[in-house]
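Okay, here's what each chain looks like letter by letter:
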Amino acid sequence: MKRRNFLGLGFATMAVTALQTVGSASIFSEHPKAFMATSGDAALKDAYGTTSVIKDDKAKLKLPDIAENGGAVPVTVSTSLDNAKTMTLIIDGNPHPLAVTWELSEGTIPKFSTRIKMRKTGNVRLVVEDANGKLHVTTKQVKVTVGGCGG
Amino acid sequence: MGIKAIAKVKHDIATVKLLVKHPMASGKIGGGKGEAKYINHLTVKHGGRVVYDMYPTSAVSKNPYIKFAFKGAKKGDTITVWWQDNTGKSEKKDIKLK
Chain Z
106 MKRRNFLGLG FATMAVTALQ TVGSASIFSE HPKAFMATSG DAALKDAYGT
156 TSVIKDDKAK LKLPDIAENG GAVPVTVSTS LDNAKTMTLI IDGNPHPLAV
206 TWELSEGTIP KFSTRIKMRK TGNVRLVVED ANGKLHVTTK QVKVTVGGCG
256 G
Chain R
68 MGIKAIAKVK HDIATVKLLV KHPMASGKIG GGKGEAKYIN HLTVKHGGRV
118 VYDMYPTSAV SKNPYIKFAF KGAKKGDTIT VWWQDNTGKS EKKDIKLK
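Top line first, the protein sequences correspond to chains Z and R. Reminder that position 15 of the first sequence reads as 120 in my numbering, one-by-one numbering, no gaps. Reminder that position 19 of the second sequence reads as 86 in my numbering, one-by-one numbering, no gaps.
Just so you know, these hints were derived from the structure itself, not from any lab. All figures in this text were calculated on a predicted structure; none of them were measured in a lab. Heads up, a few of these hints could be off.
To be verified - SDA-like cross-link-like pairs, simulated, lysine to any residue; straight-line CA separation at most 20 Å:
no. : chain 1 : residue 1 : chain 2 : residue 2
1   : Z       : Lys-138   : R       : His-78
2   : R       : Lys-138   : Z       : Ser-144
3   : R       : Lys-129   : Z       : Ile-214
4   : R       : Lys-112   : R       : Lys-163
5   : Z       : Lys-167   : R       : Lys-141
6   : R       : Lys-134   : Z       : Ala-189
7   : R       : Lys-77    : Z       : Leu-166
8   : R       : Lys-84    : Z       : Arg-224
9   : Z       : Lys-239   : Z       : Ala-177
10  : R       : Lys-134   : Z       : Ser-185
11  : R       : Lys-129   : R       : Trp-149
12  : Z       : Lys-216   : R       : Lys-95
13  : Z       : Lys-167   : R       : Lys-84
14  : Z       : Lys-216   : R       : Tyr-132
15  : Z       : Lys-216   : R       : Lys-104
16  : R       : Lys-71    : Z       : Pro-169
17  : R       : Lys-104   : Z       : Arg-224
18  : Z       : Lys-216   : R       : Lys-77
19  : R       : Lys-134   : Z       : Gly-212
20  : R       : Lys-129   : Z       : Val-251
21  : R       : Lys-84    : Z       : Lys-239
22  : R       : Lys-95    : Z       : Tyr-153
23  : R       : Lys-77    : Z       : Glu-211
24  : R       : Lys-141   : Z       : Ala-189
25  : R       : Lys-129   : Z       : Ala-177
Unchecked claim - Partial list, computed: chain Z residues near chain R (C-beta under 8 Å):
no. : residue
26  : Tyr-153
27  : Ala-204
28  : Trp-207
29  : Gly-212
30  : Ser-218
31  : Arg-220
32  : Ile-221
33  : Lys-225
Think of the CB as a built atom: it goes at the ideal place given N, C-alpha and C, for glycine as much as any other residue.
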């Protein structure tokens with residue numbers, strides 16, 4: 106994305122934040138840079154200020170082992186942690202690895218499904234930020250037979 | 068544009084499935100000459116509180132499918148789905164829980 110678009114994104118986000126009052130300051134408005142990062146670790150650093158993570162089974166990631174169509178890979182993310190703050194999906198093989206961030210609120214069951222695009226075979230990481238700001242990470246490799254970033 | 072939804076309540080848990088019509092274009096097609104157009108914020112509110120808050124990018128597939136659940140709902144309640152894309156376009160829709 107060009108610089109002009111990037112700046113526009115920042116302003117749009119500010120406008121959204123001003124209009125919407127979603128509650129706590131969002132990861133997106135605070136760290137728009139993270140969404141433009143070109144490596145998974147850089148995205149992690151921009152979004153959370155650290156790349157130090159705990160590898161455990163608190164972050165749960167459901168993905169197929171082999172994706173025939175990289176344009177629509179079904180994914181389910183969840184966590185067993187109470188009061189987790191955010192969940193972020195990082196697709197290491199994509200030009201901009203940060204794919205989605207969810208902000209969690211009270212009453213929401215932290216289990217979400219969607220479909221994602223994967224350009225090539227690689228790791229997908231789910232980062233769950235717990236109530237103390239610690240990051241829990243689960244990684245899964247997905248084999249992509251037809252890439253899906255054109256579009 | 069358009070939002071299709073199935074939202075059902077069982078006990079006090081509402082399960083919501085959404086299908087949003089949107090290109091989710093990365094702008095990378097044909098060597099990056101296309102224009103990026105993707106939803107970058109989607110929220111669902113139930114009685115004034117946010118029950119789903121998502122910041123997607125163009126890495127989410129075309130016509131996004133979204134599934135989630137939340138507590139504290141009853142049949143007949145209304146939820147409001149709202150999204151905005153990187154070009155500033157937005158859409159809002161009220162959906163009745165069944």
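Looking at the structure, which of the earlier hints fail to hold? 1, 2, 3, 5, 7, 8, 9, 12, 15, 16, 21, 22, 24, 26 and 33
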